[in-house]
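Taken in order, these protein sequences are the chains called A and B. Under our numbering, the residues of the first sequence are numbered 237 to 551, in order. Under our numbering, the residues of the second sequence are numbered 24 to 366, in order.
Calculated from the structure, these hints are not laboratory results. Glycine is no exception: its CB is placed at the ideal position from the N, C-alpha and C atoms. A few of these clues could be false.
So the derived label-pair ranges between C-beta atoms look like this [what the hints assert, rightly or not]:
| # | chain 1 | residue 1 | chain 2 | residue 2 | range |
| --- | --- | --- | --- | --- | --- |
| 1 | A | 346 | B | 294 | 27 to 35 Å |
| 2 | B | 167 | A | 458 | 43 to 51 Å |
| 3 | B | 264 | A | 258 | 33 to 41 Å |
Here are the computed lysine-lysine pairs in the DSS-like style, where the Cα-Cα straight-line distance is at most 30 Å [as the list claims (entries may be wrong)]:
| # | chain 1 | residue 1 | chain 2 | residue 2 |
| --- | --- | --- | --- | --- |
| 4 | B | 224 | A | 510 |
| 5 | B | 129 | A | 391 |
| 6 | A | 391 | B | 168 |
| 7 | A | 271 | B | 168 |
| 8 | A | 365 | B | 30 |
Partner residues are not named here, just some residues of chain B that face chain A (Cβ under 10 Å, in silico) [unchecked claim]:
| # | residue |
| --- | --- |
| 9 | 172 |
| 10 | 183 |
| 11 | 189 |
| 12 | 197 |
| 13 | 301 |
| 14 | 312 |
| 15 | 342 |
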Amino acid sequence: MTAQTTSITQLSADDLTAPPLSLWQLAWLRFRRHKLAVFGCVTLVLLLLYSFGGAFVRTEAYANFNDTSRRLEPPSSEHLFGTDSIGRDILARTIYGGQISLFIGFVAVFIETILGILVGALAGYYGGKLDAFLMRIAEALLSIPTILLLLVMAKFFGGKIPEIHIAGRTFSGSVIVIIAIIGATSWMYLARIVRAEFLSLKENEFILAARATGTSNFQIIFYHILPNTFAPIIVSSTLSVANAILAEAYISFLGLGVQPPTATWGNMLESSAKYLDSAPWLWFFPGMLILLTVLSINFIGDGMRDALDPRSRAI
Amino acid sequence: MFQFILKRLAQGVVLLLIVSITLFLLMMEVGDPIATMGGRTVTRPSDRERLTRQLGLDKPIAVQYLYWLAGNDWTQIDTDGDGIPDKSGTRLGILRGDFGKSLVTKKPVTEMIAERIPNTLILMLASEVVTIFFALIFGIYSALKQYSTLDNILTTLLFVGYSMPIFFISLMSMYLFFILFKKWGLPYLPTVGMFDPEVGKTPLQVLWHMILPVMSLSVIYFAAYSRYIRGTMLEVLSQDYIRTAKSKGLPRRQVVYVHALKNAALPIVTVVGLDLPFLLGGAVVTERIFAWPGMGRLFLDHLSRADVSVVMGSLMLVAGAVVVFQILTDIVYAWLDPRIRYT
Numbered sequence: 237m238t239a240q241t242t243s244i245t246q247l248s249a250d251d252l253t254a255p256p257l258s259l260w261q262l263a264w265l266r267f268r269r270h271k272l273a274v275f276g277c278v279t280l281v282l283l284l285l286y287s288f289g290g291a292f293v294r295t296e297a298y299a300n301f302n303d304t305s306r307r308l309e310p311p312s313s314e315h316l317f318g319t320d321s322i323g324r325d326i327l328a329r330t331i332y333g334g335q336i337s338l339f340i341g342f343v344a345v346f347i348e349t350i351l352g353i354l355v356g357a358l359a360g361y362y363g364g365k366l367d368a369f370l371m372r373i374a375e376a377l378l379s380i381p382t383i384l385l386l387l388v389m390a391k392f393f394g395g396k397i398p399e400i401h402i403a404g405r406t407f408s409g410s411v412i413v414i415i416a417i418i419g420a421t422s423w424m425y426l427a428r429i430v431r432a433e434f435l436s437l438k439e440n441e442f443i444l445a446a447r448a449t450g451t452s453n454f455q456i457i458f459y460h461i462l463p464n465t466f467a468p469i470i471v472s473s474t475l476s477v478a479n480a481i482l483a484e485a486y487i488s489f490l491g492l493g494v495q496p497p498t499a500t501w502g503n504m505l506e507s508s509a510k511y512l513d514s515a516p517w518l519w520f521f522p523g524m525l526i527l528l529t530v531l532s533i534n535f536i537g538d539g540m541r542d543a544l545d546p547r548s549r550a551i
Numbered sequence: 024m025f026q027f028i029l030k031r032l033a034q035g036v037v038l039l040l041i042v043s044i045t046l047f048l049l050m051m052e053v054g055d056p057i058a059t060m061g062g063r064t065v066t067r068p069s070d071r072e073r074l075t076r077q078l079g080l081d082k083p084i085a086v087q088y089l090y091w092l093a094g095n096d097w098t099q100i101d102t103d104g105d106g107i108p109d110k111s112g113t114r115l116g117i118l119r120g121d122f123g124k125s126l127v128t129k130k131p132v133t134e135m136i137a138e139r140i141p142n143t144l145i146l147m148l149a150s151e152v153v154t155i156f157f158a159l160i161f162g163i164y165s166a167l168k169q170y171s172t173l174d175n176i177l178t179t180l181l182f183v184g185y186s187m188p189i190f191f192i193s194l195m196s197m198y199l200f201f202i203l204f205k206k207w208g209l210p211y212l213p214t215v216g217m218f219d220p221e222v223g224k225t226p227l228q229v230l231w232h233m234i235l236p237v238m239s240l241s242v243i244y245f246a247a248y249s250r251y252i253r254g255t256m257l258e259v260l261s262q263d264y265i266r267t268a269k270s271k272g273l274p275r276r277q278v279v280y281v282h283a284l285k286n287a288a289l290p291i292v293t294v295v296g297l298d299l300p301f302l303l304g305g306a307v308v309t310e311r312i313f314a315w316p317g318m319g320r321l322f323l324d325h326l327s328r329a330d331v332s333v334v335m336g337s338l339m340l341v342a343g344a345v346v347v348f349q350i351l352t353d354i355v356y357a358w359l360d361p362r363i364r365y366t
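Could you build the full structure based on these sequences and the hints that come with them?
Structure (structure tokens):
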């Protein structure tokens, strides 16, 4: 009889069962098994490295430098992705364009999430007239095609925000405009999800208990109910990042988005349709980068949905 | 049921009022309508003032909205600015079917929209039909063969389609089917417009020019629809009555296509019904790339020139259709599913 087996036989039943896993540990275990989600994570990290790490390889001045004698050059060892219609290096522009595109995607969703949580929580918790009012606004916004509403708003705010200078770099004010309007036109779905969660959660006994002990409404909303709705919020927000990046690309493609010389993947494509035949590298690289980003975020979102779904029992 | 419809209609009217006020406020700052109207000829300040008064832009915004909504034929306008009204208004307002006149073409907006709607509908409905057809085939197949190799491959590809920016798939398909096919001497597809001006607008020409835009649009919609159909099919297939049908010894074909599909189709009807009105808005990006003269192009062209009545008109048309289709979808749903009762 070895020492090891002795020790096991001497253990009580309680010692033999592993400690229960927390929700997040379980979620992580399930997420890891979702191969596409892991692939999405790796790709997204690579894309972030490409756009933010790439800044150490190419300067922004180089990305905006145009040499008109070298217009529309096909990819070569000097310009790996070729040059655009006024002779700028496309590789360097995709690096800086990626920064703006990803920045817009994440910050717009941050705004969207805050708006969605606030509206959904207030409507769901208080109900009544406030609920009716907030939900009518949401319905009104949902009854106009998002892209058309975005275009109208882009035109409305266009050119009103001055250029911004941060850390020695100049950004077109349109970046702020695009972030704001994407945030302002996309919170409705999240608000509906949060509202539905609040409607059912607020009827639970633990809320009654909290009320009985004199907890304020603010505390109940943000400390007692909200943490229980994190799972659907995280899934919805993750998928929203993909939509926000697509939305930016569409508005910029139509020429109403971020204005040059600030590059984004979307506005790099704007005039490239004219060079469909003569310079396919103009639209291929930015298009491919948008596709990869959106795809990897959608994979991650799908993985999170599976991982955080309480009905999913698989570990 | 009748009461339910009345209630929904009343809610819809309120909703449309909110939408129209919001949009009208946004329209105040989209550009300079006077510059659009007069082109470059309006340089004298007096001309600008006269046009401003003619368009009613000197009035407070609430009055402008009222004129847009209910018309101004019951009042007098002061066109020369001497404080004495000298001309009676001619607008009837959107409530009486007068969407106003375009500042660019000087034609009634209703006429311009009526010209574009068929073009948009032919494109969008064709994409919708193609999408639903393939999405049904794929959705049912992958639900029946869940986690098979082909299901896994197709589901992954669906993600690619779902994540695809429409301009990217459009540009790639144009490059392949137009430029490369032309280079290889194969019959190539046209990429621009609705028909070849030398041949004229024959049904065959339109069909031929439709292939690429419809294909691009379908790839995007297909992904979303088939994921949805796969999901509802899987849910229905795991229900007890399907097991009962199977254990009764019914042929598999009948269980899947009659018992399961009937119930799985219910949520799909809702999704399609709610998506249909948005087709009226056209596909802005696709119509732009393929130079398709539809509603999306109309909207884009006139928004860039601050042609408020056209932009407002097309947006309100879509919003109105959304409200109507929401009610219709509810009614159809209740008719299809006897478990649903509206009170």
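Legend entry - When the least beta-carbon distance from residue 172/B to chain A is tested against 10 Å, hint result: This hint is violated: residue 172/B lies away from chain A, its Cβ roughly 14 Å from the closest one there, beyond 10 Å.
Inset, instruction - Identify whether the interface hint at residue 312/B stands, where standing means a beta carbon of chain A within less than 10 Å of its own. - result: Nearest chain A Cβ about 6 Å off; hint holds.
Legend entry - Pair hint outcome, residue 129/B versus residue 391/A [Cα-Cα no greater than 30 Å]: The given pair, whose Cα atoms are some 22 Å apart, holds under the 30 Å limit.
Legend entry - Hinted pair residue 224/B and residue 510/A, Cα distance within 30 Å: holds (25 Å)
Legend entry - Satisfaction of the residue 197/B interface hint, Cβ to chain A closer than 10 Å: holds (6 Å)
Legend entry - Cβ separation of residue 346/A and residue 294/B, checked against the hinted range 27 to 35 Å: Check passed, 29 Å falls within 27 to 35 Å.
Legend entry - Hint validity - residue 342/B Cβ closer than 10 Å to any chain A Cβ: Nearest chain A Cβ about 5 Å off; hint holds.
Inset, instruction - For the pair we were handed, residue 271/A and residue 168/B, check the Cα-Cα distance against 30 Å. - result: holds (20 Å)
Legend entry - Cβ separation of residue 167/B and residue 458/A, checked against the hinted range 43 to 51 Å: Since residue 167/B and residue 458/A have Cβ atoms about 46 Å apart, the given range 43 to 51 Å holds.
Inset, instruction - With a cut-off of 30 Å on the C-alpha distance, tell me whether residue 365/A and residue 30/B pass. - result: holds (17 Å)
Legend entry - Hint check for residue 258/A and residue 264/B - Cβ pair distance inside 33 to 41 Å: holds (38 Å)
Legend entry - Restraint satisfaction for residue 301/B [CB to CB of chain A, less than 10 Å]: At 5 Å from the nearest chain A Cβ, residue 301/B passes the 10 Å test, so the hint holds.
In the structure shown, a violation is registered for the earlier hints numbered 6, 9, in ascending order.
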